[in-house]
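Sequences listed follow chains A and B, in order. Take 1 as the starting number for the first sequence in the working numbering and just add one per residue. Take 1 as the starting number for the second sequence in the working numbering and just add one per residue.
One should not assume that every hint holds.
[Said to hold, decoys possible] Chain B regions said to be covered by chain A (calculated; three or more residues, Cβ under 8 angstroms): (1) 38 to 49; (2) 66 to 74; (3) 285 to 296; (4) 320 to 334; (5) 406 to 412.
[Stated by the list, open to error] Here are the computed lysine-lysine pairs in the DSS-like style, where the Cα-Cα straight-line distance is at most 27 angstroms: (6) Lys197/A <-> Lys101/B; (7) Lys99/A <-> Lys89/A; (8) Lys362/A <-> Lys273/B; (9) Lys271/A <-> Lys362/B.
It is worth saying that the hints were derived from the structure and are not from the lab. In this text, all values refer to a predicted model and were calculated from it rather than measured experimentally. Glycine is no exception: its CB is placed at the ideal position from the N, C-alpha and C atoms.
There are 2 protein chains.
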Amino acid sequence: MKNIILISIGDELLNGDTLDTNAQWISEKLNSFPVKIHRKYTILDEKQPLIEILSQYVGKMDLILMTGGLGPTEDDKTQGILADFFKSKIIKNEEIYEKLKAYFIKRKGFYEEHNLDQAYVPDNAKIIPNNLGTASGTWFEKDGTIVISLPGVPFEMKDMMKKTVLPDLEKLWKTKEVKYTKHVWIVGIGESDLAKKIADWENSLDTNIKLAYLPKIGMLKLRMECFGKNKEEAENKVETAFDEIRSEIKEYIISENNTSLLDVVMQLIRKNKFTIGTVESCTGGYFSNTFTNIQGISEFYNGSLITYNYDIKEKIAKVDKKSLEKYGAVSEEVVYQMVKNGRNILNVDVCIAVSGLLGPEKGGEKEEVGTVFVGLAIHDTIQVHKLNVPYDRITNKSLVFNRTMHLLYKELKSINSDN
Amino acid sequence: MKNIILISIGDELLNGDTLDTNAQWISEKLNSFPVKIHRKYTILDEKQPLIEILSQYVGKMDLILMTGGLGPTEDDKTQGILADFFKSKIIKNEEIYEKLKAYFIKRKGFYEEHNLDQAYVPDNAKIIPNNLGTASGTWFEKDGTIVISLPGVPFEMKDMMKKTVLPDLEKLWKTKEVKYTKHVWIVGIGESDLAKKIADWENSLDTNIKLAYLPKIGMLKLRMECFGKNKEEAENKVETAFDEIRSEIKEYIISENNTSLLDVVMQLIRKNKFTIGTVESCTGGYFSNTFTNIQGISEFYNGSLITYNYDIKEKIAKVDKKSLEKYGAVSEEVVYQMVKNGRNILNVDVCIAVSGLLGPEKGGEKEEVGTVFVGLAIHDTIQVHKLNVPYDRITNKSLVFNRTMHLLYKELKSINSDN
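All chains, full assembly: derive it from the sequences and hints.
Put into structure tokens, the structure is as follows:
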């Protein structure tokens with residue numbers, strides 16, 4: 001098993017200016033190897049903390065991987081600190097020099113000498129090329145520890161990980177020890193009730209199997225992990241253990257292979273050759289934006305009507321004016337019309353409509369803040385559900401989405417079991 | 001100045017299952033006090049790393065604030081570790097016991113005894129109530145160090161911070177030393193070019209003023225920080241320094257008070273009493289979803305048409321079929337029609353239309369992946385711009401959004417300077 005420390009560098013990560021999304025992405029990729037990520041440090045762009053961590057762990061860990069602090073400006077100090085620690089000379093790299101020239105000529109038509117400063121790199125590190133930006137990465141080795149430094153810009157870092165770091169680690173770390181991880185998505189039961197339900201089973205688990213409960217908004221992920229001499233051994237241990245509990249929690253299981261609720265729903269839509277569209281009021285495009293993040297969705301997602309005000313509900317979604325006046329926009333009647341008309345207008349098999357009060361204001365509606373009506377139309381079968389969501393505006397959007405996906409999941413499942 | 005260490009606890013944060021959004025939020029809030037957040041640790045839910053950090057920093061830091069590891073299940077170990085470290089007895093808290101009963105009765109109609117396990121808390125800590133969940137927080141004090149433990153669920157943690165932790169820290173930390181931070185949003189110049197442009201100024205800055213470049217997607221934030229005996233002193237130092245450079249970079253400055261480009265655009269829309277709507281193809285609701293995250297947007301955002309496929313573009317946005325066939329959906333001609341018709345259909349003063357190829361596939365379009373046409377209509381004035389975006393599907397959505405906000409910003413600015 002390989003032992004790893006991660007470091008995220010940057011004042012902006014500790015003062016709240018910037019959300020660190022790199023560490024999660026890196027952890028996920030590294031976890032395909034048999035690794036233990038012991039901890040992650042988030043530190044200021046200063047000499048002392050980085051030197052302290054390097055002094056403590058070089059010679060002890062297999063890998064120290066850091067991101068950030070490699071920009072072209074004076075507040076970026078990582079490369080200088082590493083050069084000091086590894087006693088590097090800084091030399092001009094002709095290949096990078098020419099690439100930087102080309103980069104700036106392509107982007108702004110010309111370059112200035114200061115644009116090429118980042119062609120100067122340590123002489124005793126392997127250089128990790130950056131095809132999307134200007135800061136190269138470095139790969140040092142000392143006393144059995146690999147020390148990798150990458151830029152903090154997420155798309156640059158990811159590209160360098162995929163093209164160089166991960167393939168190179170794969171070659172180095174060919175090993176017989178393998179980790180098997182099983183992710184089970186659970187919807188419809190809370191964390192403490194599930195824990196109670198499976199407590200005896202959990203207590204009797206092989207000590208090599210590590211179980212974790214990962215609560216998400218409106219759902220839960222169970223993770224089981226086990227190391228073994230080969231994949232079969234590790235997989236067999238985990239799957240045999242899960243076989244003992246599956247039937248007891250069957251009604252809550254959405255998937256056993258880390259497929260999210262959204263992906264399971266999309267698979268069912270695709271399997272039925274359905275098309276889909278939405279008519280959204282309070283969620284304001286959250287559904288359509290989430291759908292269109294999926295590559296290839298254009299095969300079966302037609303479009304959406306975001307009918308945020310009364311006039312647009314009437315004009316675009318053809319909601320009856322009298323119903324709007326009588327019941328308000330947050331009502332079973334109006335959502336029924338939104339989903340029924342929406343299915344025809346968007347020419348889809350499956351339509352979702354949403355209207356509710358996500359807060360904090362109530363506006364002129366009759367219902368209380370937190371009330372949301374969700375309409376589902378699958379061909380001529382129409383249902384309207386009333387939900388209650390207790391959180392802030394933005395969390396409520398994702399809770400409404402996840403609850404709606406669960407409602408749709410149950411409908412699509414029952415269609416498929418009928419066939 | 002108060003010295004702080006943050007700790008995020010949870011296996012899921014180190015194996016890539018969960019993105020840690022808590023630390024950023026906490027850092028931002030704590031930075032309203034005169035603090036230095038030295039570092040953040042992300043650690044496994046195990047005894048050794050937490051004890052190591054507590055042993056190292058209790059007695060040295062003013063505050064150690066940790067989130068996570070407080071759930072009701074066996075993999076949550078933080079409370080036990082803290083009780084050991086602070087030699088606590090675990091006692092039943094009657095108030096929490098009754099609150100937990102009420103919580104479960106409200107949610108599922110009844111409670112079971114195991115639901116009330118979290119009413120057992122350390123006897124020598126101040127309890128931080130949790131009104132949205134089941135795990136209480138704790139506030140220990142030892143050798144001048146406050147040690148706070150909060151649940152990792154973001155909305156529970158935020159509620160507890162706002163209602164208890166931040167007000168209590170404010171009472172304790174009333175001090176004369178004050179930090180002044182100035183954030184300047186910059187659009188239209190890259191990091192290295194800006195750094196070159198202002199290098200002499202940067203080198204001559206008062207050493208008490210700390211300058212940082214924070215690159216974002218399609219834009220850049222400059223941060224200047226300074227501590228002083230009072231707000232006036234610190235503010236005066238920073239503002240006097242910025243006065244020297246303002247005119248040189250004026251054309252790139254969007255705001256000097258940390259107002260984002262989006263917020264500046266929304267202020268201009270509001271000031272002009274304009275209404276706004278969008279017709280989106282490739283961005284699939286990213287614009288409408290982002291707009292509707294803003295509280296109070298319903299005053300001037302009417303709605304959107306998400307016209308993802310050809311038929312819907314024709315049927316809903318009234319794009320001429322012949323133009324679609326002749327030029328393709330990703331064309332100046334089609335986006336011109338989308339924005340012109342969209343403005344009428346949505347009955348708005350300002351309409352934005354977007355159609356492009358965000359990748360990775362090209363579909364049947366004539367243009368290359370990365371090409372995006374953006375249409376802007378302000379009353380009868382219509383423009384169509386051609387952009388090129390080089391990243392992945394999801395990053396491209398935000399880059400298109402930011403570039404479009406900049407185009408709209410320039411138009412709205414010129415309207416306002418005309419008046």
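### Query
Of the hints given before, which are not true for this structure?
4 and 5
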